[in-house]
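Please take these sequences and the hints and turn them into a complete structure.
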Amino acid sequence: MRRIAPMLLAALAVLAAACEKKTQPAPSGEGGAQATQQGQPAAPGGGNVPASGDVILLGQVGALTGGQATFGISTRNGIEMALKEANAAGGVKGKKLAIRVYDNQSKPEEAAQATTRLITQDKVAIILGDVASSNSLAMAEKAQAAGVPMITPSSTNTTVTQKGDYIFRVCFIDPFQGYVMAKFAREDLKLNKVAVLQDNKSAYSIDLSDVFTRKFTEMGGKITTTESYSQGDTDYRAQLTAIRKTQPDGIYVPGYYSEVGVIARQAREVGLKVPLMGGDGWDSEKLFELGGSAIQGSYFSNHYSPDNPDPRVQKFISEYKATYGGVPDALAALGYDAARVAIEALKRSKDLSGPAVRDAIAQTKDFPGVAGTITLDDKRNAVKSAVVLKVGDGKTEYVTTVNP
Amino acid sequence: MMETPALPVPEARSVIPAGLRGIFPVLVALVLLALFQWLVSESPFAVYLLSVMGVNIILAVSLNIVNGMTGQFSIGHAGFMAVGAYISGVLSLNLKEVALSFLPVAASDQVLFTVALLVGGLAAAACGFLVGLPSLRLRGDYLAIVTLGFGEIIRVVVQNTNAFGRALGLSGIPQYSSPYMVYFWVFLVVLVARRIAGSSHGRSLWAIREDEVAAEAMGVDTTGYKVRSFVISSFFAGIAGGLFAHFVPIINPGSFTFVKSMEIVVMVVLGGLGSTTGAIVAAILLTLLPEGMRSLFNALGTEGSLAQKVDQIRMPIYGLLLVVLMLSRPQGLFGVRELWDVLPRWIPRKRRGLS
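Just so you know, the protein sequences line up as chains R and X, in that order. Residue numbers for the first sequence follow the numbering used here, beginning at 1 and rising by one. Residue numbers for the second sequence follow the numbering used here, beginning at 405 and rising by one.
Fair warning: there could be bad hints in the mix.
Said to hold, decoys possible - Over 12 angstroms on every C-beta distance to chain R, these chain X residues come out as not near it, computed from the model:
#	residue
1	Pro429
2	Asp513
3	Val663
Stated by the list, open to error - Listed next, with one range per pair, are the computed distances between beta-carbon atoms:
#	chain 1	residue 1	chain 2	residue 2	range
4	X	Arg543	R	Gly326	49 to 57 angstroms
5	R	Pro404	X	Ser505	25 to 33 angstroms
6	X	Gly576	R	Ala88	36 to 44 angstroms
No lab work stands behind these hints: they were computed from the structure. Keep in mind the model is a prediction, meaning the values are calculated, not measured. The C-beta atom is built at its ideal place from N, Cα and C for all residues, glycine as well.
Spelled out as structure tokens, the structure:
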């Protein structure tokens, strides 16, 4: 009896190990409708030649569990929708598209492992990356080394695409948001004097406020003062009082919703009635709860707005609602866009090899995504519009779209 | 009295000259490792998975020295791993452009890598000494709380230090690691653990584990032995962290949380507290299990079917298996015994030549 358990476990371990090296059968299309193709072996050629057969396999690595689970799941839903549409329209090069999704538990080492698996075992044509920039960085390293193109839907940190020429993104980068708000504040709100309150603990916040300061000054505005706080602080009255003395027309607070809500309340307390402005770190239901009426009338930049009247956006939203229930967030929209950019590139590329697909992705120009029109620049970042949202009573209102 | 696993006594082994007897296992290991490296080098996925597995083995075996042999409950192993990872990572990052002029570049890289590893390991050992010295005088759960606190401090310090890349993490560390290097350290930690277990030092540790008061009454310097075993354990955790930093493209504080510490504790408990081979088997099992499930799910269903969408279910299943295992074998896979005490008799004879 004593020996049975360890032996069973040993057998399990062997099983697990044996599964490892197994060649994946080229799977058939959706729901097994074309079950006849089942069991067809994958292409033997190594390197980056994707599996042959009637399916083009894409890979996604995302946080399906862990602290950022909603990010990964939204992204996956978006990607799935794009694939479904493409398959309904006849697929790519006469082949169906399929996606293989791996969880990274919001950890970079798991992301690297899953990416390596997608590349070497599943032989995917394109990898769609994660939301969190550190996970995308881990994936980018592996994808670049193996020569498999990777598109990250929503990692905004500038360093991600600097990993190499196979790494792309369909969202704007952090500094762009600073520019968007500067332009909006200067041209639409016609503000002359703005104070900046930045989160010294977050590279994101510092990036945004640096660019905002530079651009706003270039456009003829004046930054009255730059104050800072640390993520997790609860009392901002000292900084806000200092800001009040300079009598600004607005305050730029590029932080996260958790602090911004409190800052808004305390700003009203110390008698600052001017609007606050921020970036996509504000995008959360929690903002309304924390900020209450104090945050109403403030503005922030974001990737996409569900209120955008563009028919393309509205069609996406109604279809998403029908499939998954609920209004798609920016991450779902970006996942959808990333998958569609990938599919378009696969259609345009002459074959499915890494370099060919990479070049096809790089040529993406004026692509009509739901989260803005996408053009990839020579640094493989998307040059695209951002939306400015106004915080209302328990919801956001679409104000305008700012083009680069 | 406790059950002490007897170290296999090298009987009349006349084939090997007496002078080489001590170093013989090392030589055999080096040759086997070279062969192993050559075998797996073709598949990047195998290399990566084996590296993760090796690091987990080092962590589990080293934690077993404290949790298993000495009976002290440390739950901050990931903290020491983080110290090793970041110290050796930063060192390698800064020495990236440096090469030793008298060596070819590849060899020089490996030498610098070894140096970085050792520095990381020593830094972790120093932390282990600092944490252990005051807290190991205490009994019972205090060490658990202190080590838990230490792990969190390390994580928060890293998160707020620019040189360590803060929350985003440290990327661009040269990827010097290879299965050869990882498994050489696996070999070393197992050798050290086994030698400790069989030595009088080890017997003192076992005595502390079984009854601290009695051990003290017998003249065992309990604090001294506990601190020493803690420092050795921390050193190897630091080495494991250093290796980790050189094959994972980016290290960030999220990889060294309390959850990671618990994962290692689970490996040790699952393998059997005090059993080195148990820790190894558990580490292998728990590393392969999630990937094995992934393969299973992929093989089960067609593309787009439910089986493909349940990648996140792996973790609950993994948890469930742990519950079942602990219920059916509360003493761990092997208890305090080693693999060769559990398996049929013909295996120990064969193994005796190597261990």
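Results for each hint:
no. : hint                                     : verdict
1   : Pro429                                   : holds (24 angstroms)
2   : Asp513                                   : holds (17 angstroms)
3   : Val663                                   : violated (9 angstroms)
4   : X:Arg543 to R:Gly326: 49 to 57 angstroms : holds (53 angstroms)
5   : R:Pro404 to X:Ser505: 25 to 33 angstroms : violated (49 angstroms)
6   : X:Gly576 to R:Ala88: 36 to 44 angstroms  : holds (43 angstroms)
When each numbered hint is compared with the structure, violations occur for hints 3, 5.
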